[in-house]
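Work the whole structure out from these sequences, hints included.
Sequences listed follow chains A and B, in order. Its first residue numbered 1, the first sequence is counted upward by one per residue in the UniProt record's numbering. Its first residue numbered 1, the second sequence is counted upward by one per residue in the UniProt record's numbering.
In short, the hints are calculated from the structure, not lab data. Treat the hints with caution; some may be incorrect.
Claimed, not checked - Computed cross-link-like contacts, DSSO-like style, restricted to lysine-lysine with a CA-CA straight-line distance of at most 30 Å:
1. A/LYS52 with A/LYS69
2. A/LYS119 with A/LYS69
3. B/LYS52 with B/LYS69
4. A/LYS151 with B/LYS151
5. B/LYS221 with A/LYS221
6. B/LYS52 with A/LYS52
7. A/LYS119 with A/LYS52
8. B/LYS221 with B/LYS119
9. A/LYS52 with A/LYS151
The structure displayed is predicted, hence computed values, not measured ones.
Protein chains: 2
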Amino acid sequence: MKSTRRELLRESILEAASNLFIQRGFQGTSMGDIAEAMGVTRTALYYYFRNKEAILQELVSEVTVMAGKLAAQAADPQADPAQALRQMVKQHARLILSHPVQFRVVERNEENLPAALHKSAQAARRQVLDRFEHTLQAGMQAGQFQVVAPKIAAFAILGMCNWCAWWFDPAGAVPQEDVADMLAQFALRAVTGADEASRPSGNSVDASLRRLREDLALLEKRLQG
Amino acid sequence: MKSTRRELLRESILEAASNLFIQRGFQGTSMGDIAEAMGVTRTALYYYFRNKEAILQELVSEVTVMAGKLAAQAADPQADPAQALRQMVKQHARLILSHPVQFRVVERNEENLPAALHKSAQAARRQVLDRFEHTLQAGMQAGQFQVVAPKIAAFAILGMCNWCAWWFDPAGAVPQEDVADMLAQFALRAVTGADEASRPSGNSVDASLRRLREDLALLEKRLQG
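In structure tokens, the structure reads:
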């Protein structure tokens, strides 16, 4: 078998197994069920994975470990916090949007992982969180982000992205890339936006005048400082 | 037994069962396990719930059905979309923050629900989503919200709230109410904020001047229009 074909079959197994793990639970799924769902023999299946734990391990590294790697590769937040945050949200969202079922399996079955893998999944998750928090802190220090608690803000942004695994339909009307863009925009607005309570919104003359007064006061303060 | 004591015991059963369902899965948990975890007899447990399916049913109505009810009670978005959105985010976040483990159980075990309950849980979830989407649309029509796809924005906001079930620690340093406030602020900024690409942020003289020019242009347009 050519390596591309092998790779495709491997991906099909991961997908079929993910769907069964979601429908019947990890405990309720056997290697025989997976082979049957794919219309292949058990022997063919065992050629790729020695047991269902090995399939779950592979799913974990595809999703969780990859998320950690992506976070580590993101742009330097010191140089441009907004740009770094935008890139991180997009990368993370793309990963979830391209592996929604796998992500749900991983989130639902962590207790079934062998201890070492559970630990590395936790470490990868921690790495993602730390990286987001670090980027938010850099933006706060640069005076670009208005955030009270960077860790909670990081969880809020991750929640926005991770939740995609529960609603995004890859066959739906909105392409993956558009969703990733919208989430990145949302995250940036959420952390950079002036407080909606103090910053008057709307297009009315009154709101515009109030904004102008605020901006003038800010500029004056800056020039004096 | 007084009714308060009965109520407290009932809540303890729901909590103990939730923890076991999370740790061992719904299939892997028996009524005996729940009784043992609580240090009560099985007879005492059966006085409250006839089987574990009944416990899961109760958890679903506590969380999902309540979320639907809250959404239906929210303020009229036509009157003040921003206020309505703030209230809806806070209410939904409070519900998740006060029932994190229960919420995770419900999300993870929907396939174990009897068909009728599964249907009502889906309907409640749909009601919450519709209500958020409707509020976002009202804000767009009023010119207050800048949102491209209200349904995706609704999912993003719900994701921010729902994800709390996976990270929030009721015994942690940040109180529930503060988290709910932060999430409401985030959501409002995300939907009302000027586009971070066109709206210069930061406190520099240059950014302030560019904002002033923008606001003047907007005001001029408004006065002419």
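Evaluation of the provided hints:
| no. | hint | result |
| --- | --- | --- |
| 1 | A/LYS52 with A/LYS69 | holds (25 Å) |
| 2 | A/LYS119 with A/LYS69 | holds (15 Å) |
| 3 | B/LYS52 with B/LYS69 | holds (25 Å) |
| 4 | A/LYS151 with B/LYS151 | holds (27 Å) |
| 5 | B/LYS221 with A/LYS221 | holds (28 Å) |
| 6 | B/LYS52 with A/LYS52 | holds (28 Å) |
| 7 | A/LYS119 with A/LYS52 | holds (19 Å) |
| 8 | B/LYS221 with B/LYS119 | violated (51 Å) |
| 9 | A/LYS52 with A/LYS151 | violated (35 Å) |
In this structure, the earlier hints numbered 8 and 9 are contradicted, and the remaining ones agree with it.
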